[in-house]
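Colleague: The letter at position 138 of the sequence shown is residue 137 when you use numbering that gives the first Met the number 0, and the numbering goes up by one with no holes.
Among these hints, one or two may not hold up.
[As the list claims (entries may be wrong)] BS3-like, lysine-lysine: derived pairs with alpha carbons at most 25 Å apart:
id, residue 1, residue 2
1, K158, K141
2, K220, K290
3, K284, K297
4, K397, K117
5, K117, K161
6, K117, K147
7, K40, K161
8, K374, K59
9, K322, K549
10, K158, K195
11, K297, K4
[As the list claims (entries may be wrong)] FRET-style restraints, in silico, Cβ to Cβ:
id, residue 1, residue 2, range
12, D256, K161, 30 to 36 Å
13, E154, Q355, 30 to 36 Å
14, L576, Q524, 22 to 28 Å
15, E572, E393, 54 to 60 Å
16, G62, D509, 21 to 27 Å
17, D254, K161, 38 to 44 Å
18, E393, D254, 48 to 54 Å
19, A343, Q187, 40 to 46 Å
20, Y368, D509, 30 to 36 Å
21, A343, Y527, 14 to 20 Å
22, E154, G18, 43 to 49 Å
23, P17, Q157, 40 to 46 Å
24, K4, E572, 18 to 24 Å
25, E393, E224, 39 to 45 Å
Derived by calculation from the structure, the hints in this document are not laboratory data. C-beta: ideal position from N, C-alpha, C; glycine also.
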Amino acid sequence: MVTEKLNQRQEEAVNCQPGPLLIIAGAGSGKTRTLTSRIIKLLEGGTPPGKILAITFTNKAAGEMAKRIAGNRLPIDGLFIGTFHSFGAKVLRREARFFKRTSHFTIFDDEDSTALIKKVLKNADSNNQQPGASLISWRISKIKSNLKNERTEDEPFQKIYKDYEETLVKNNAFDFDDLIEKPVRLWQAQPGSLAKYQRQYQHILVDEFQDTNSAQYLLVKLLAEKHRSISVVGDDAQSIYGWRHADFRNFLDFDKDWPEAKIVKLEENYRSTVTIIKAANQVIKNNKLQKKKELWTKNPIGEPVKVVAAGDEEAAAEWLADKVLNITRTSPLEETAVLYRTNAQSRPIEQALTYQQIPYRIFGGVKFYERKEIKDVLAGLRLAFNAKDQVSQERLRKNFPRNKSDHLIENLPRLARELTIVQLINFIINQTDYFRYLENNFKNYQERTENIEELINFAANFVQAGQNRGGELGDFLERVGLAQSHDNPTLKAKGINLMTIHLAKGLEFDHVFLSGCNEGILPHQRSYSSNQELEEERRLMYVAMTRARKKLFLLFSSLPSRFLYEIPPELVEFESLDQTQRSLPDEEKSWIEYD
């Protein structure tokens, strides 16, 4: 039986009969617990694990769900819990032939794709003036995410797109967007293939449904059309990934696409104080496009939201550092977070924290698998697995002398049949004298060496854990390729947390400082021309506010954000660092255009 304690609304969602179910889950309302409990309910009711498909957006969320289910000692062999992209990769391993590729294909991450586009541009007609590779990469990603036809009036771009796709085939590779788009294209063209997967997966459950793009939405819609047992959970108020091609209208229109859908609202918040919840509610209620709900909590009333006016960002950062210093004397460092709209805002904050000798961690730096030394070693492993991978060949030739790179390119595919993953890594390192190369070329060579040692440890543990069934190297590289996702990085060093609001989604802290609550920053000035973008900016504000459990600090300099005026004054404690004012300036509203 489901062992986790559920409230009345959560129980209602868990006990719904199989069929379309929309769970509107407010911030901190226990959505993961509810979705996981629904899976457990299906298993307890006799549903074979292999008939259930649970899709998440991060490996972390998938791991948490799997751990909770395993804790109930239920049979889970064949149960799929993973990300959209891991499921897409699973499908393409079986169906690669439809796209003129083999099951040994490589998954190209964003950097690989951009490198491939650069190669295509280099070979293109030099008389055609084309935008940079990054912009072209974004356009291609948008086409695939939105399932648009690549035919456009822009003939030069159309040719680049065609050449890019053909080059992927030659490399026996798929890019990250292909992992969703290609299965959808396959099922649209091959009803027999779709029917096979519909028979296999009779119950579809999707987390963070508000973040799906068109391709992801159609993937689950196609799968669920036969049995119509689809449960989705999410919160349109936390949809903040429009720039990643997410379309929160998939969430808003769910009951239109599934008219018989049952709708359950989870509105009890277990995270924040009454004051923080009331303040956040009053901000987000100004959005017009939303599923209405009203968060509430049994938690204490808590302290007022602190709104701080500073003369400039340096003064705001100095005040912030002083306040953080006081807080961290009685509270663990990791329970404090400083959030901001853009990465550029971290500079004065870092400077002030450094001056106060307050340790901090920046989320959103260079991720593990994007570090040069890791990419170099993985290029060798990928070539060992897929001899047609020209991007990996070129990386080896670029980074090593011709005799060494030629030796690797010639021998690695053969050695893949003879050596373990760890032995292959050691072969690459020894043949290139890689550690000496790092020492001769980089000041932080010790850190880079430790990164490679961590990769070796991961490879050894991967094999030891028994995850090598069906192809040791292939499974390992797929795991690495899928790690190029939107998960928040995990850092070992202790310190307060600095990150963008986007990276803070899904996290929570006792104390949250939101820096830069200025017009032009939050909302960003780029959003002024679009009501839809302004509403996404307001959702960013909402997400930031609801990360706080106990105390919330909102700092601004120059012109205060319009969102600050949406918080009722009785919930706010105002402080002006120059002591010239006692509240938000009344006249600021006069020139701000409201929707």
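Colleague: Give a verdict on every hint.
Modeller: Quick rundown of the hints versus the structure:
1. K158 with K141: With Cα atoms ~17 Å apart, K158 and K141 stay inside 25 Å; holds.
2. K220 with K290: 21 Å, holds
3. K284 with K297: 21 Å, holds
4. K397 with K117: Holds, because 15 Å separates the two Cα atoms, which is no more than 25 Å.
5. K117 with K161: 14 Å, holds
6. K117 with K147: 23 Å, holds
7. K40 with K161: Violated - the C-alpha atoms of K161 and K40 are around 47 Å apart, more than 25 Å.
8. K374 with K59: 23 Å, holds
9. K322 with K549: 15 Å, holds
10. K158 with K195: 35 Å, violated
11. K297 with K4: 16 Å, holds
12. D256 with K161: 30 to 36 Å: Since the Cβ atoms of D256 and K161 sit about 33 Å apart, the hinted range of 30 to 36 Å holds.
13. E154 with Q355: 30 to 36 Å: 57 Å, violated
14. L576 with Q524: 22 to 28 Å: 24 Å, holds
15. E572 with E393: 54 to 60 Å: Given a distance of about 58 Å, which is inside 54 to 60 Å, the answer is holds.
16. G62 with D509: 21 to 27 Å: Because 24 Å falls inside the window, the suggested range holds.
17. D254 with K161: 38 to 44 Å: Hint holds: Cβ distance 39 Å, inside 38 to 44 Å.
18. E393 with D254: 48 to 54 Å: Holds - the Cβ-Cβ distance for E393 and D254, about 50 Å, lies within 48 to 54 Å.
19. A343 with Q187: 40 to 46 Å: 42 Å, holds
20. Y368 with D509: 30 to 36 Å: Holds - the Cβ-Cβ distance for Y368 and D509, about 31 Å, lies within 30 to 36 Å.
21. A343 with Y527: 14 to 20 Å: About 19 Å separates the Cβ atoms of A343 and Y527, which means 14 to 20 Å holds.
22. E154 with G18: 43 to 49 Å: Between E154 and G18, where Cβ atoms are some 47 Å apart, the hint holds.
23. P17 with Q157: 40 to 46 Å: 44 Å, holds
24. K4 with E572: 18 to 24 Å: Violated: the Cβ-Cβ distance is about 35 Å, outside 18 to 24 Å.
25. E393 with E224: 39 to 45 Å: Check passed, 43 Å falls within 39 to 45 Å.
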